[in-house]
Amino acid sequence: MSHTVDIPQSLKDSLRKFRFARRNAGHAALVVKVNKQKLIMEEVEQFDDISPEDLAEELPENSPRYVLLSYELKHSDGRKSFPLVLINWAPTSSEIGLLTLHASAFLDFQSTADVSKVIDIRDGAEGLTKDIIDAKLMGK
Amino acid sequence: MSAPVAFSLSQTAITCHAFNADRSQVAVCLNSNDVTIFSRAGNDWKVAETLSEHDKLITSIDWAPNSNRIVTASQDRNAYVWQLTPDPQTGKTVWKPTLVLLRINRAATFVRWSPNEDKFAVATGARAIAICSYDAENNWWVSRHLKKPLRSTVLSIDWHPNNVLLASGSADMKARVFSAYIKDVDSKPAPTVWGERLPFNTVCGEYASPAGGWVHAVGFSPSGDVLAFASHDSSISIVYPAGPVVYTIKLNYLPLVTLTWTSEDGLVAAGHDCQPLVFSGSEGGWQAVGTLDDTTANKGQGGARSGFGGASPVGKLNSAAFHTFRSADSRGVGGAPGSPTAGSGSKDTELLTVHQNTITSIRPYQGHPGAVTKVSTTGVDGQLVIWDVNAVAGLTARMSSLRT
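As you go down the protein sequences, you meet chains A and B in turn. Numbering of the first sequence is given in the working numbering, commencing with residue 14 and proceeding in unit increments. Numbering of the second sequence is given in the working numbering, commencing with residue 19 and proceeding in unit increments.
Please note: incorrect hints may appear among the correct ones.
Calculated pairs, EDC-like style, for lysine to aspartate or glutamate (alpha carbon to alpha carbon, straight line, at most 20 Å) [what the hints assert, rightly or not]: (1) K201/B - E58/A; (2) K201/B - E85/A; (3) K49/A - D153/B; (4) K143/A - E85/A; (5) K206/B - E74/A; (6) K46/A - E155/B; (7) K46/A - D251/B; (8) K49/A - E70/A; (9) K165/B - D136/A; (10) K201/B - D26/A.
Since the hints were derived computationally from the structure, they do not count as laboratory data.
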């Protein structure tokens, strides 16, 4: 696979730490962006215990991001699990060059983070709600 | 109390016009794909530059006074922001265009800069209004759409002084006030009579005139607390949202298509009757006051008329013969001086008003918002006229037959 964007080792370590952090309650998120000038991925922010709606407020309206989300999922039989979900935050009003670069590096990022569940959110803040994420995860 | 000053900029219609901050230049669209910038040269306007980038008719131009940027919107579904930059090769300052991706699939009809000049709104035929702001992180203009509940082409928009609220007039016969709050550009606005806590695309009010009809023009008063709109049923309505109280003035004249406020209790509107009408009122009521075009005054010698190079009121350029040939050339009206149809041919189709065809755009020319002293109008007859707002004459009973 051709690599358009490099993933620095520090980011890979952050991803591992995020994956193995023990969670008791709440959703945690790790936001990564692509640096177009240097062609590398960078960690932007990490949130511990944030709701999907607040996360939608924090994410930029016109810029693509990768969001690794540890989501507190309440199953119908009472169990609580914390699956890892990768959100492809790609609003259509983003600059097109950056959007294409983001899309080309996505598969690479997904395999590095080793996450199977992916949610595409292309319409901005309206598309990131608790109901949508629940529906996507339960549907699988 | 000065007479209107008329300039004949072209033989074709003027689609739209916009002056720069000190009124030394005006950017117009002469019914074509290009913007023509005229510079003031004494008593006349000379072509300074032509900006070509659009592929179809330019429908609207706006010139930001403080940041000196021009935004143009066109039927080719694009908008360009023009900025004066030094050309690397020649060193002169040229207008450099930046494309704004509006993401619409129909023509753009109207464009206006916001009061702080950090956003602009584009009314489109795609049943949406595109609010465009500059994204510094990615170095380009980003647009967000106001969609609900627009059901047809948006014909006109006007910004509220707080840089957040936007009034729109649409072909679905409604005038609406939207919130165009953009997260990283605007700070939270103070509450107004239109509402508080207004996320993007909130509808603060929706109004229609009694008989319906496309809403051609909308305008906020200088304070932003009152909204006026003109619709195709030949009426002009003024809305006080607190009540809500709507005063509708039904006119016996042809519809008005453009309006501008001159003060908190007065506005000027113009349209298919080819003359600007003055309206005045307050919370207690509104009425038509008069017209800025005094058709009864003797305008024969046209002392203020200019264009075609000559500005002198006397001399060979103003004789009856010259006038006959000029009207034969510009309006195709026949009759050389010797022929039987001389004289009467040209008088038949000439209107007594300064403008000879519909006025399509009226904008404040002199004074600051709240105390406008002069307004400028352009129309389908290719003329740019500057009017003194205080020179109001009474309305004649039957304005539609303004001929000899």
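Structure-based check of each hint:
no. : hint            : in the structure
1   : K201/B - E58/A  : 19 Å, holds
2   : K201/B - E85/A  : 28 Å, violated
3   : K49/A - D153/B  : 15 Å, holds
4   : K143/A - E85/A  : 10 Å, holds
5   : K206/B - E74/A  : 17 Å, holds
6   : K46/A - E155/B  : 12 Å, holds
7   : K46/A - D251/B  : 54 Å, violated
8   : K49/A - E70/A   : 23 Å, violated
9   : K165/B - D136/A : 14 Å, holds
10  : K201/B - D26/A  : 33 Å, violated
This entry does not satisfy hints 2, 7, 8 and 10, going by the numbered hints stated previously.
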